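Protein chains: 2
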Amino acid sequence: MKGRRLLITGAGGFTGRHAVEYFAAEGAEVTAVVRGTAAEASIFPAGVQQVACDLGDRKAVSRMIETVRPELVLHLAGKNSVPESWRDPLLYMETNVMATLYLLEALRARPASRILVAGSRLKYRPDSAAGPPHPYSLSKTLEELVSLAWGTLFKQPVLMAEPSNLIGPGPSTGFCSLLAQHIVRSEAAAAAGEPAPAAFRLSSRHAQRDFLDVRDAVRAYRYILDSGETGKIYRIGSGTQRELGEIAGKLLAHAAAPVEIDWGPQAEQERQAESSPASAVPEKPPSASADKEVPPAEPEDDAAALGWRPETLFARSLADIIGYYRAGKEGR
Amino acid sequence: MKGRRLLITGAGGFTGRHAVEYFAAEGAEVTAVVRGTAAEASIFPAGVQQVACDLGDRKAVSRMIETVRPELVLHLAGKNSVPESWRDPLLYMETNVMATLYLLEALRARPASRILVAGSRLKYRPDSAAGPPHPYSLSKTLEELVSLAWGTLFKQPVLMAEPSNLIGPGPSTGFCSLLAQHIVRSEAAAAAGEPAPAAFRLSSRHAQRDFLDVRDAVRAYRYILDSGETGKIYRIGSGTQRELGEIAGKLLAHAAAPVEIDWGPQAEQERQAESSPASAVPEKPPSASADKEVPPAEPEDDAAALGWRPETLFARSLADIIGYYRAGKEGR
Chain A
0 MKGRRLLITG
10 AGGFTGRHAV
20 EYFAAEGAEV
30 TAVVRGTAAE
40 ASIFPAGVQQ
50 VACDLGDRKA
60 VSRMIETVRP
70 ELVLHLAGKN
80 SVPESWRDPL
90 LYMETNVMAT
100 LYLLEALRAR
110 PASRILVAGS
120 RLKYRPDSAA
130 GPPHPYSLSK
140 TLEELVSLAW
150 GTLFKQPVLM
160 AEPSNLIGPG
170 PSTGFCSLLA
180 QHIVRSEAAA
190 AAGEPAPAAF
200 RLSSRHAQRD
210 FLDVRDAVRA
220 YRYILDSGET
230 GKIYRIGSGT
240 QRELGEIAGK
250 LLAHAAAPVE
260 IDWGPQAEQE
270 RQAESSPASA
280 VPEKPPSASA
290 DKEVPPAEPE
300 DDAAALGWRP
310 ETLFARSLAD
320 IIGYYRAGKE
330 GR
Chain B
0 MKGRRLLITG
10 AGGFTGRHAV
20 EYFAAEGAEV
30 TAVVRGTAAE
40 ASIFPAGVQQ
50 VACDLGDRKA
60 VSRMIETVRP
70 ELVLHLAGKN
80 SVPESWRDPL
90 LYMETNVMAT
100 LYLLEALRAR
110 PASRILVAGS
120 RLKYRPDSAA
130 GPPHPYSLSK
140 TLEELVSLAW
150 GTLFKQPVLM
160 AEPSNLIGPG
170 PSTGFCSLLA
180 QHIVRSEAAA
190 AAGEPAPAAF
200 RLSSRHAQRD
210 FLDVRDAVRA
220 YRYILDSGET
230 GKIYRIGSGT
240 QRELGEIAGK
250 LLAHAAAPVE
260 IDWGPQAEQE
270 RQAESSPASA
280 VPEKPPSASA
290 DKEVPPAEPE
300 DDAAALGWRP
310 ETLFARSLAD
320 IIGYYRAGKE
330 GR
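Each protein sequence line maps, in turn, to chains A and B. Going by numbering that gives the first Met the number 0, the first sequence opens with residue 0, and the numbers climb by one from there. Going by numbering that gives the first Met the number 0, the second sequence opens with residue 0, and the numbers climb by one from there.
Bound conformation, chain A alone:
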């Protein structure tokens, strides 16, 4: 990776910040693309070049690629909120599909650039009669289709990554971060003698997800950029399904003050179900969750096939998330 020109989009985001830090430390010549057009102070380590570019502006993307001339591209930019995608579905199509195409099209001028596009496991099967569960799923499914299609049509070295739920310190809007934020707010309120914040809603404690530390995901991206096979989809996950209720318990163990949790209307019946042995809990959430994973329509490769392994202990991820909010960087 030493001395290689690497362009990272979405560099100001949760994963992007970790990626910039990691690849810069590995000696890559990192260009960090952040949203917007206004110049702002760099949020990145010394030596990282920060570039503001609106990826929805086709010409701006083309100029940016001509200037940076990257050897490697890690495309992390995109919108990723399911509720927001319901409110503005076209924004999701423009940001996740068309902006990715603008980037791929600009990179056709640089046929040797390897491009890793971060997809989502929340995709749907295009041949299913039910259709996508939400516009976010539609946008990520199409982003993957057009990325792989551009790769085959124009012989571009395009690779896809499908990370599971990424967790860790930083500005994430995921479950763990939201709950950690609630805990730290509750602690602060108790210390100041103020009323506790409104209860955190956790309605599906038995829903299961694969959680992966964002720093492990970033290392996986490096394996894929280094030695992944063009046109392939690499799944990246911890391999362990965890219940939201279990995670909530582990996070609450960190709390230095009482924390209010609303276990939701299903809580009572789920508590009864809890009396059954843990091994009887089904692999998938019992209810039709809006963001459940869809089994892949075709075989996909696991990043483990490239030698990558997750390294961060789950307890460390949770402690670092709590620590991030306690340090007061966000959320107060």
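Please keep in mind that the hints were generated in silico from the structure rather than gathered at the bench. Source: prediction; values computed, not measured.
Identical copies go unnamed one by one, so any copy, or any two together, can satisfy a pair.
Pairs of lysine to any residue residues, derived as SDA-like cross-links and limited to a Cα-Cα distance of at most 20 angstroms, are as follows:
1. Lys154 - His133
2. Lys58 - Leu90
3. Lys154 - Ala128
4. Lys231 - Ser127
5. Lys154 - Tyr123
6. Lys58 - Thr94
7. Lys58 - Asp87
8. Lys1 - Gly46
9. Lys154 - Pro132
10. Lys58 - Glu93
11. Lys154 - Asp87
12. Lys154 - Trp85
13. Lys78 - Arg34
14. Lys249 - His205
15. Lys231 - Gly130
16. Lys231 - Tyr123
17. Lys154 - Arg124
18. Lys154 - Ala129
19. Lys154 - Pro82
20. Lys231 - Arg124
21. Lys249 - Leu312
22. Lys249 - Ser202
23. Lys154 - Arg86
Put chain B on the given structure of chain A with help from the hints.
Chain B in isolation, oriented as in the chain A frame:
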């Protein structure tokens, strides 16, 4: 159809002109959307309202729908040239995918509007490793995916049509029209004592296609708008596969002057193959044609299930195409 407010996009195109004429004659209150923003003289029958709108302009589309408030929409607009899609693939994504979404999104404000989107049989299977054969196929495949997805996500009455190769009088760039144009040019050159135009290239005389008269297709659209089932894909075809060489022969029989045809490099070996009985000709073209049909990934309905039947004799279609160019409306 009498008195119903019908919006037809791509109204200035080959199919659009026939559609406007047909639905206006059936008593629909037709709004014909043509490209561009400049006011120009109407090319349509009296009583048809002509509206200029750039479908790539999201706000313009929204305003247009608010003004017209259609009960029915026939979305024929789009780009459909395979070679052009190679030259400007993003244009195809913007025109065939995003413009369709702008229309569907604007129509969400009118939940009762039934929308028929004209797709293409040249789509590819998204789960195929080979990917799309050309950017046009990618754009039409995604147009279908997003149209059906918008239908299921937002409970919109979206229907899809997949016509085969449409032929007939009018500004088409299809095989029959191009050859008819060549014949009429050759006749004109001979009459004027000028040199004959360069030979018409016909390299795959045994390639087979289903050809359907555009006027039959327009009637099929009416059946689908009237009684088609929301979310379904209706295939529209003559049901007969015809060889390009056979069609060329039928068109050349109309010629009043010598017409030069370049039968292409494969001609000799194909002429030898011709000695085999016609029944031995395979259903599909033997060579991997760039625009061959892909078998549907899921069952699709035939417009025949709604009671529609093609009515125009093939010989009539060809004669009308020749007549169109002899009348000097185009191509000289």
